Each structure stands twice: as structure tokens, then as C-alpha cells.
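Make the full structure from the sequences, and use the hints.
The C-terminal position of the sequence shown is numbered 432 in my numbering, with every residue numbered one higher than the one before it.
Keep in mind that the hints were calculated from the coordinates and are not lab data. Predicted model, so just to flag it, every value in this text is computed and none were measured. Cβ coordinates follow ideal geometry from the N, Cα and C atoms, glycine included. Keep in mind that a hint or two might mislead.
[Stated by the list, open to error] For lysine to any residue, the following SDA-like pairs were computed, each having C-alpha atoms within a straight-line distance of at most 25 Å:
id, residue 1, residue 2
1, Lys401, Trp258
2, Lys340, Arg389
3, Lys160, Ser88
4, Lys176, Met148
5, Lys171, Tyr119
[To be verified] Restraint-style ranges between C-beta atoms, simulated for each label pair:
id, residue 1, residue 2, range
6, Met303, Tyr265, 41 to 49 Å
7, Gly298, Met368, 45 to 53 Å
8, Val295, Cys264, 28 to 36 Å
9, Pro78, Asn219, 22 to 30 Å
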Amino acid sequence: MKSNPTFRRPASSIPAITGLVAVVSIPSVHFLWPEMSDTSYRDQAALFALTIFVLLAASEIIFGKSYRSLGTGLVYRPSNFQDAGYISDFPVKLIGLAVSFGLLAVLYNTADLYRDDWYTPFFSLISEFWPVMLIAVLINVTVVHFTMRRRRDGLWQLGKLVLTFGQHSLKDQDLKVYLFSLGIKGFFLPLMFCYLVEDWTYLASMSLWTSADFSEVYNYLFRFSFFFDLTIVIIGYATATRLLNSHIRWTETTVSGWLVCIVCYAPFWQLLSRDYFNYVEDGFGWGVWLWDYPVLYGMWGGMILVLLAIYTLAEARMGLRFSNLTYRGLACDFPYNVSKHPAYLTKNLTWWLISIPFIAVDFWTGIMNCIALLGLNFLYFARAWHEERCLSQAPSYRAYKRHINRFGLLARIRGVVTRRDPIAIDPVRSRD
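Rendered as C-alpha cells:
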């Protein structure tokens with residue numbers, strides 16, 4: 001962020017290299033992806049996400065040196081592997097890990113939701129490759145444990161809780177963060193992976209380079225933008241680790257914060273969109289509206305694609321650290337120097353351009369459609385408000401928030417319109 005020299009990047013800032021590598025690697029690797037007719041779309045989607053993760057992780061290790069950040073909470077001392085305290089605490093963590101897997105297994109086997117065929121790609125992948133996944137998790141847990149400054153983290157607290165038959169304190173902050181984090185990953189990973197497989201399957205039948213007109217280009221890029229987003233999302237949820245300074249520092253803890261987030265996703269959104277936020281006219285949208293006006297059709301579709309490009313850039317900028325309901329680091333530069341919530345802002349604008357709720361069969365239907373979409377906009381406003389409250393536990397985020405409110409692009413535009421000059425803020429030296 002260069003708009004004001006008094007703002008200093010905190011230790012928790014996300015390396016810019018991760019966003020750059022994501023923007024370059026995702027479309028490039030997808031374009032160069034080899035023909036793998038003997039490999040299922042499920043496995044190809046998983047391999048693709050793994051490839052992008054390796055590229056992102058390598059860029060951070062080589063260029064960002066994220067493993068050296070104070071925020072990791074790690075110290076590399078070989079003597080830790082012989083330390084009696086570390087050795088005695090390690091089995092407790094393994095018990096906590098086993099309990100974690102048990103809790104997820106109970107959730108997935110008792111909730112009817114996860115018996116739906118939609119979730120088959122995720123659970124079939126787990127059932128076939130669980131030994132490899134388990135080895136990766138055990139290596140991560142082992143290395144992290146023996147390099148932590150404070151080794152008794154939430155995973156240890158969970159193991160201790162089980163060993164003491166519930167007598168260990170449930171109020172420990174690390175334990176709360178760990179359990180909330182487990183719930184976040186458990187809810188979002190199956191859903192997002194299945195979306196990723198669906199998009200991979202769809203894109204496999206299309207080609208941008210053989211598109212005959214703008215409508216085909218638009219359809220491809222529209223779908224690819226969400227495929228891009230899902231790739232980042234899957235990596236963010238599946239690979240959180242202190243080794244890359246991408247771990248979850250804390251989570252949203254309020255009921256309202258969780259509700260306004262998860263109702264935006266399946267299966268809750270299907271109910272809400274049908275009965276409360278149904279702003280879409282069946283069989284009608286911007287493409288039908290402007291089909292007979294090629295120039296306007298191209299301009300309108302181009303605006304949608306530009307907004308989606310900014311949306312995907314916002315996701316890419318988070319790199320390894322994307323996650324709902326958590327704080328995992330701070331992104332300061334584009335597009336986060338435009339607004340605190342560039343993804344929410346652009347996503348909501350695209351809904352207005354795509355659904356054109358103000359164009360309807362009659363005046364009052366148009367009014368009702370607009371009110372329904374405004375309701376959805378308000379839901380995302382509530383998400384943004386809760387996120388800011390959660391993230392504001394970090395002094396660095398509070399400083400960033402003050403900075404953007406005065407020097408962000410939208411704030412500058414507002415200042416020009418209202419003829420008000422931004423007020424300087426104090427420099428930030430936070431190390432959170």
C-alpha cells in the first residue's frame with residue numbers, strides 16, 4: 001500500500017508474491033493441463049488444486065520467507081526433539097487429532113445432508129486416499145509440535161480434555177479456536193470441493209480458444225472466474241499450517257456472525273433464495289434483455305467480467321490464507337487498497353447486472369425483485385460488519401481499517417465528491 005507512507009505493513013501481512021503466483025499459475029496450469037482420459041474429473045480437480053498449492057507454497061518459502069515470520073510462533077531448535085516436555089505432550093496431541101477425526105466422522109455419518117450424491121466426490125476421495133492424507137497430516141502435526149514456542153495449543157487442549165474425562169477447562173481460548181476451526185473446515189471443505197469438481201467437469205467440455213462469439217467467451221470466463229475462486233478456497237481450507245504462516249489465528253465466535261455467513265451457502269441458501277430472496281425472473285436476464293443490441297450486449301457483459309476479475313483478484317490476494325469466519329493475516333494492497341471488502345462489493349454489483357431485477361413483467365414485480373436483492377445485499381453488509389468486528393481484534397487490522405477509510409480509492413472518490421480532505425493517521429508498528 002503506497003497511498004500513505006505512515007501506514008506500515010504488520011508482521012501478519014500476506015506476502016504479495018502469493019497473489020501474483022495465484023493469478024499467473026491457475027489459468028496457466030489449467031491451460032497446459034495434459035489430457036488425462038484415464039483419470040477421473042474428481043482426481044484431476046484434486047491434482048490441479050494440489051499443483052497450485054505447491055506453487056504457492058514454494059513461492060512463499062523461496063521469495064516470501066513466510067516460515068521465518070514471527071507470526072508462525074515457531075522456533076527451529078533440534079533440541080526440542082529430545083526435550084522431555086515436548087515428548088510427553090506429543091501423544092496428547094495425537095489423541096486430540098484422533099478425536100478431531102472422530103468428531104468429523106460422526107458429523108458426516110449422522111447428518112442426512114452428507115448422504116446426498118452431491119457429496120460423493122469428496123467422500124470417495126477421502127475413502128481412497130486417506131492413508132496419504134493421514135501421513136501428510138501427521139508430518140505437519142509432528143514438525144509443528146516440535147518447533148512451537150507454545151506447544152500446548154488447541155489440539156493439545158482437546159487431547160487433554162479427553163484424557164481428563166472432561167475435567168480440563170473448556171474455556172481455554174486455544175481450544176475454542178481449534179474447535180471452531182475444525183467446524184469451519186468440516187463444513188466448507190466437502191461443499192467447496194464438490195463445486196470444484198463440478199466446475200472442472202464443465203470447463204473440460206469447453207474451450208476459450210474455439211469460442212465463436214462474445215457470448216461463448218463470456219460463458220467460459222464467467223464459469224472460470226468461479227473455478228479460480230474455488231481453487232483458492234479449497235487450498236485455503238485444506239492447507240492451513242504454521243509452517244507457512246497460514247494458520248488460523250482466531251475465529252468468529254458469535255452466533256450472529258456464523259449465521260450471516262453460513263446461510264449464504266448450501267443447503268441453507270437454497271431455502272432462503274427460493275422463499276425470501278428470489279429476485280430472479282425465470283428465463284430472463286441481462287443476456288436476453290440485450291441480445292438484439294450487440295454493442296450494448298458486449299459492454300454489459302464486459303462490465304460483469306471486469307467486476308468478476310476484481311472479485312477473483314481479491315480471492316487470489318489471500319492466497320494460502322483464504323477462509324471464512326477466521327483471521328489468518330492481512331492483505332493491504334490491490335484490490336484491498338480500494339475497499340475493505342472488494343470481493344463482497346464486486347459480487348453484489350454483478351448480481352444487479354446479471355439479474356437486472358428492475359426489468360420485469362410489470363412495475364410492481366420489478367420493485368419486489370429489487371427489494372429482494374437489496375435484502376441479499378444487506379445480508380452481505382452484515383457479513384462484512386461481523387468480519388470487521390472479528391478482524392479488529394488485531395491492532396494491525398484496526399490501523400488498516402482507519403487507513404482505508406481515509407485513503408482507500410473509494411474514500412478518495414468520496415472525498416472528491418464531498419470536497420473533504422483525508423485526515424492523516426498514526427503510523428503502525430504492530431507485530432501481531
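So, going through the hints one by one against the coordinates:
no.	hint	verdict
1	Lys401 with Trp258	holds (22 Å)
2	Lys340 with Arg389	holds (12 Å)
3	Lys160 with Ser88	holds (12 Å)
4	Lys176 with Met148	holds (19 Å)
5	Lys171 with Tyr119	violated (34 Å)
6	Met303 with Tyr265: 41 to 49 Å	violated (26 Å)
7	Gly298 with Met368: 45 to 53 Å	violated (30 Å)
8	Val295 with Cys264: 28 to 36 Å	holds (35 Å)
9	Pro78 with Asn219: 22 to 30 Å	violated (55 Å)
In this structure, the hints that do not hold are numbers 5, 6, 7 and 9, in rising order.
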